[in-house]
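Relying on the hints, combine the two individually framed chains into one complex.
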Amino acid sequence: MTKQLLKGNEAFAEAAIRAGVEGFFGYPITPSTEFLEYMSRRMPELGRAFVQAESEVAAINMVYGAACTGKRVMTASSSPGISLMSEGISYIAGTEVPVVIVNVMRGGPGLGNIAPSQGDYFQMTKGGGHGDYFPIVLAPASVQEAIDYITLAFDLAEKYRSIVHIVVDGNIGQMMEPAELPPMRKIPKEAPEWAVTGAKGREPNILTSIYIDPVDEEVVNIRLLKRWLEIEKNEVRYKEYALDDAEIAVIGFGTAGRVASSAVRAAREEGIKVGLFRPISLSPFPKKQIEEISKRVRRILVVEMNSGMMLEDVKRVVQGRVPVEFYGRMGGVTPFPDEILDEIRRVDSNTADVADLEREQWLDRLEARIAGGK
Amino acid sequence: MVMEKVVYQRPESLTDTVTHYCPGCTHGVAHRLVAEVLDEMGIREKTIGVAPVGCSVFAYNYFNHDYVEAAHGRAPAMATGIKRVRPQNTVYTYQGDGDLASIGMAEIVHAAIRGENITVIFINNAIYGMTGGQMAPTTLAGMKTTSSPLGRDVELTGYPVKMAEMLSTIDGAGYIVRRSLHNPVNIRKAKKAIRKAFETQERGLGFAMVELLSSCPTNWKITPQEALDFIENSMLPVYPLGDYKVHPELAGLRV
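As given, the protein sequences belong to chains A and B, one line each in that order. FYI, in numbering that gives the first Met the number 0 the residues of the first sequence are 0 to 373. FYI, in numbering that gives the first Met the number 0 the residues of the second sequence are 0 to 254.
Chain B on its own, in the form it takes in the complex (with noise of 0.2 Å):
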């Protein structure tokens, strides 16, 4: 008799709902890696999510677990609030590079000076998806945007900002790494940073933050498999992946 093995399957840490995601975008594989990592930790019943204002906005219709409704930019203050009073819950926001990079540069900033125990999922595309494609302050140089049209002017709108190595030199912060989802060998890393970035908050080791370098094919107004390609070519020099801070009690963990 064949026994079968489940083998894969949706994780319990993600809805059975159609998402409303573009063909290409990487927000659905964020999202699994982050359900992925829900269901193997066992925190599910215990995680407060925290989503933005930005194309993650119904990020909450996707996750099956708590969650609350950000205003632009305030995710980390609201996280921050949440975890202040029930530090018990596993904590996280989700956002994108306007929400975090832009709107919400001094909530980001501060949670990680406060060494806020939560876990930042920072989603960078390079570009404002939601509101239809305008210059974001990770846009690349030269990149056209809907309002960069003659490509972003650095000496006019200042260059990309780097947000892993920025937080990187803050002392509350316990882990803050850089990774990619745009294939299968990158995403498979992203995973273990989520699942370390989550393992920080848990032991208790300050605020925690990974990258992901994603695409947005709609905005950038290029196929799917172009806007992988340019995460590859265009987006890594300019964002190398790594670790950028990682606890020494992180140091020896295996994911």
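Excised from the complex, chain A in its bound form (with noise of 0.2 Å):
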């Protein structure tokens, strides 16, 4: 395969298809909608299930159905949407079915606007539906990424009967750039035993979140536990740049932490010395690496699009080792560049004590900055 030009949302579809999906079921959100637009004309083509449902409650109820057949089945949707797919996806979690659920997120709180956001960065890692479980949530910063990291959401569900999120902003999910999707994968014949099908020749599958006496469903929350601690164990992953020497840390993910990537290598030609951690599963959460970064560094600067959200898991990883300042934009705007490198260059020559106030030293520096027009 050769790279093409291919615009995010669509190119997150057609990965699903060739890691193959055989269900899509959603409804209609900007600025997610491009996803399902294409899976209504290339699904179909392929013999495959697309409904658009009446709601993101349908959609994700359909979604849980068509799980629990065993067949690779997903959504896509946008913050507000995710907000109402939560009871589904609780259920989901509690009846341990694999899923891949696509958030392009917006600005918000509430129907906020259709500019890229991180904002659901709590709702995305810390469950979101209600109960006790672990979403593994993964954030890609490019279209490529995204490709890659669909066909591994789809192998990461079913390895561990989980659910798995993708996280991109709407940055990721509108733009174009080259990339190359993998080659369509064979869909497998037989189900996996656990699956309804029919009870030919077996007993009956029975697929539940209700376990109604508290001893049994505790039983499943040790279960769903053990899975997680384990989960924890394999599948933390993220990317590196310039860390081997720096004294300061960057850390942001997804477009905030490709943003932060420019500043990052612009800074080291000023000669700061300077490095990138960019997790890519925010849940589970890089803890050893973030851990054993901050007892090599002077300081850390976490960069993201929310109010320092990302920012609270840093700090408890940490544990004030060094100081944690942050920057964040809120609200759908992306922070350019420039205001990173501004934030490496102060960060780089502070060094007064935090003391938890990052987040009001932020909002000075930022309410100055929008004073200043900038």
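The set of hints was computed from the structure by calculation and includes no laboratory data. Just so it is clear, CB atoms sit at the ideal spot from N, CA and C, and this is done for glycine as well. One should not assume that every hint holds.
[Claimed, not checked] With the C-beta cut set under 10 Å, the calculated list includes, among others, these residues of chain A facing chain B:
(1) Glu53
(2) Val72
(3) Ala354
(4) Leu356
Here it is, written out as structure tokens:
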């Protein structure tokens, strides 16, 4: 295969098709709609199931039902749509069926806007649905990475009978860039033994998330937690840049991480010893790696397109070893590399204690920047 | 020598399990009718049921075939997902009135609009059973429930919703009828309707629903016999039995 110029959402959809997705159920919402539009043409072409549901609530429950048959199934939506899907997501987690969900995040809360955002970090990584479960969350930063991680997402979902969220922001969903699609995978003929396929010559399979006796529910909770601890051990993913001799570490995911990488390169040219750590698995979070980094740098700068959500996870790992500073843009605003470069310069020369006031200090700088018309 | 012939036994499609249903509840009758139909059509081994949230939440323990358990009201969406990726299977939902006519109104209506080739067994007992007898959208005017203690005031809470009539207006619906489980004659008619609703699916004729008027003596706070009388005297006038929509290809079908 050679590289083609591909639009994010359409490329992700084609990647899912090539990974063997047999059912897509969705509801139109900007900025993920092209995903659904692409599927509406391609899935029937291949004799696979596509339904434009009456709501995200219905869409996720169609996904839930189809997942119970053991087929590869998915949906794609954007922030408010994911909120509506939260009920089904919890049931899917409780029933232990594999599902892949793409969230092309937009500005919020509420109806917010359709601009790129990372404001769903908590919602995605901490569960979103009710009850005791942990989802896998992958955050690619380019069209190519998204293509690659969609394929991986299906494999992980099946391996762990888990939900895998792919979170990108509207930038990655909407941008066009050169990327290479994987070859078409063969669809397995046999359903997994737990799937509902009709009890032909076997005992019935029952897939449910209700365990009315608390003792039975706890058995499920223990199984889910043990599986999660396995996932934490095996499935941490991240990218590093120029961290070997770095004194300042910038940590950012997705688009914020990608913008930060430009700023880090520019700062290196100025002689600032700075490197970038970009978590790809937001959940499981790269705790060990960040802990290790915090033992050899002077300062950490977390960059996000939200109010400092991953910041809290970073701080929990760093445990006050070094000052953790923050820079973010919210509301659907994507930071420019210059903004982050300014921050790197400032952090490099800052020797003051942050004393858990990194948000307050950031807000002062941000408001000054906004007032200055930048 | 006298040959013994078995004329009545537990259908293969039912498990040998004691149900949790209250004395006088007609869920057991409805379960048996569905099971008999699956046996008679020889489709048990390819059938996938979708259980609701409500009294029949544990239906999957009583049926001897593959089953999934949906979120409250979402059974038609779940059934849609299953049927679309496995059209070779027979897929049905079993839902109560709180599940189907209240929280799941959008899902049932749109499953019918899409003409989903699924079968729906709809238990209408005019009340929420599992949560202890609250007002349902199907609760009769003036009927006392724990959330309409003075009787349902239609000025404030609306009138009983007539699902069969409503869904029969939808083009995607192939078979929409209402039957009752209050006496043997009607139970026999209900079974024939359930058979036709599954035949609708086997023939690919679209969405099929059988609404079954059912009793809930526990939450109606009357005896089982009084409950059956209540169906006949109070529910039938509000919910007339009948064929609301029958696909022309089913019209001549004798079952």
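Evaluated hints:
no.	hint	verdict
1	Glu53	4 Å, holds
2	Val72	7 Å, holds
3	Ala354	46 Å, violated
4	Leu356	43 Å, violated
Checked against the numbered hints given earlier, the structure breaks hints 3 and 4 and satisfies all the rest.
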